[in-house]
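Make the full structure from the sequences, and use the hints.
Keeping their order, the protein sequence lines are chains A and B.
Numbering-wise (this note's numbering), the first sequence opens with residue 1 and increments by one.
Numbering-wise (this note's numbering), the second sequence opens with residue 1 and increments by one.
In short, the hints are calculated from the structure, not lab data.
If you're wondering where the values come from, they're calculated on a predicted model, not measured in any experiment.
Glycine included, C-beta positions come from ideal geometry on N, C-alpha and C.
This list has only true hints and no planted wrong ones.
Listed next, the in silico SDA-like pairs over lysine to any residue satisfying Cα-Cα at most 25 Å (straight line):
| # | chain 1 | residue 1 | chain 2 | residue 2 |
| --- | --- | --- | --- | --- |
| 1 | A | K83 | B | N304 |
| 2 | B | K49 | A | V39 |
| 3 | A | K42 | B | G35 |
| 4 | B | K42 | A | I36 |
| 5 | B | K49 | B | C224 |
| 6 | A | K31 | A | V75 |
| 7 | A | K7 | A | S27 |
| 8 | A | K83 | B | S187 |
| 9 | A | K83 | B | L159 |
| 10 | A | K42 | B | V298 |
| 11 | A | K83 | B | A306 |
Which residues of chain B face chain A? A partial, calculated answer using Cβ under 7 Å:
| # | residue |
| --- | --- |
| 12 | P293 |
| 13 | A294 |
| 14 | V298 |
| 15 | Q302 |
| 16 | V309 |
Calculated Cβ distances over 10 Å to all of chain A for the following chain B residues:
| # | residue |
| --- | --- |
| 17 | L26 |
| 18 | A29 |
| 19 | R163 |
| 20 | I192 |
| 21 | E216 |
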Amino acid sequence: MQMYPKKKIEIVVEAVRVQRILEMIESSGGKGFTVIPQVSGKGNRGVRNEAHVNDVFRNVHIIVIAAEDVAKRIVQNAQPLLKDYAGIVYVSDVQVVRDQHF
Amino acid sequence: MKNAEWPSVNSVIAGAYDNLLSPMVLFFALGFLAGRLQSDLKIPEGISKGLALYLMLAIGFRGGVELSHNSISGIMLMSLISAILISLIIPAIGYFLLRKTTSLDIPNAAAISAHYGSVSVVTFAAATAFLKGQGVSFEPYIIALMALMETPAIVSGLLLARRREKSLQKGGSHLFSREVLREVFLSGSVIILLGSFVIGLLTGDRGMDILGAVVERPFRGLLCIFLLDMGLLASQRFSGSERFGFRLISFGFYMPLIGASIGLLAGKLLGLSVGGSTLMAVLAASASYIVVPAAMRVALPQANPAFYVTLALGITFPFNLVLGIPLYHAIARMFIGS
Numbered sequence: 001m002q003m004y005p006k007k008k009i010e011i012v013v014e015a016v017r018v019q020r021i022l023e024m025i026e027s028s029g030g031k032g033f034t035v036i037p038q039v040s041g042k043g044n045r046g047v048r049n050e051a052h053v054n055d056v057f058r059n060v061h062i063i064v065i066a067a068e069d070v071a072k073r074i075v076q077n078a079q080p081l082l083k084d085y086a087g088i089v090y091v092s093d094v095q096v097v098r099d100q101h102f
Numbered sequence: 001m002k003n004a005e006w007p008s009v010n011s012v013i014a015g016a017y018d019n020l021l022s023p024m025v026l027f028f029a030l031g032f033l034a035g036r037l038q039s040d041l042k043i044p045e046g047i048s049k050g051l052a053l054y055l056m057l058a059i060g061f062r063g064g065v066e067l068s069h070n071s072i073s074g075i076m077l078m079s080l081i082s083a084i085l086i087s088l089i090i091p092a093i094g095y096f097l098l099r100k101t102t103s104l105d106i107p108n109a110a111a112i113s114a115h116y117g118s119v120s121v122v123t124f125a126a127a128t129a130f131l132k133g134q135g136v137s138f139e140p141y142i143i144a145l146m147a148l149m150e151t152p153a154i155v156s157g158l159l160l161a162r163r164r165e166k167s168l169q170k171g172g173s174h175l176f177s178r179e180v181l182r183e184v185f186l187s188g189s190v191i192i193l194l195g196s197f198v199i200g201l202l203t204g205d206r207g208m209d210i211l212g213a214v215v216e217r218p219f220r221g222l223l224c225i226f227l228l229d230m231g232l233l234a235s236q237r238f239s240g241s242e243r244f245g246f247r248l249i250s251f252g253f254y255m256p257l258i259g260a261s262i263g264l265l266a267g268k269l270l271g272l273s274v275g276g277s278t279l280m281a282v283l284a285a286s287a288s289y290i291v292v293p294a295a296m297r298v299a300l301p302q303a304n305p306a307f308y309v310t311l312a313l314g315i316t317f318p319f320n321l322v323l324g325i326p327l328y329h330a331i332a333r334m335f336i337g338s
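Structure follows, in structure tokens:
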């Protein structure tokens, strides 16, 4: 089967910033995304897992698959949005079947 | 000459004892203990959030219905104005104390003090349940004060944090972004509280006929379940305070006492009842851990949420629930007279 190379951008970010990140993804040319609304883990801000009462310690995982130029824009535009917020951005190579969807 | 209306020491101690052994405080303690022992006890998140909504809906609605029985009075308007002023002033006091006694920077000191100017709905709910247990009534419009006191402190906190910014002085940037305004005024808890209050006010006894079975009778029982969860959360947060240092931790204990004194003084000057003054003290003493953290995370991201949520939820909330409420009530009884 014919497969097409794409980039997968994953952004783990605190809940309060998600809306801004998603708007940025679309304005950078991303055609879609997947959101995992609650993830927990440990990083340079300590353990982040609390999802009760307020959302301050909740992390969200966002996954975007896009062409390379769009992926670069998303990674670049994410940086100013993550200043002072908990966030991780990383990119990997993936292959997709339906080229026109991404 | 001794004032004949002063409550005896015995009755004050009995009130504190009743509170300590009330199911509300005991369930909170159970949750706290289970959390400290790292038990796997958990209240599912959906239930916990649902209970929080229920408590706010019930408090708001009952306040609205009560108010529908009264007409608007001068003392009520004065109370509303005082509540807003108290919420604006407390952050300035807290900020000053934090900057003088700790090494916290401006954003952290401002963010923490904003939490203390705002209120904790659950502490208020526990205080109304405590008063009900003691057979003490209070002015129904106090519930409206609570709704009003949620947000002015956020304004104060942001002004304290940003007053030195040049762009702000020149009018170059706005204190509140659209995002912050949405967090503050369209926050779910503000909407449900004010909305149910208005619905209660509009429908009055007719509404209570329909909702009474839901918002009256089960209230204290459901509050107990919610407090079990709060105990678990508070213990989680409490363990984060070990690195804080003595001066910051003690702020979590003495700041509610300062707030309560201001609240009691306001109650006295306004001529509120003992119950009303107790609640005014509880409002001024409590610290927000729902609305304000969310707003501060958006508006003041340089401040570390580990500081403000830990102080408000891990220290001040348990303090008010266990010791503060009966203490403020005892002082109100002596100070206001029953």
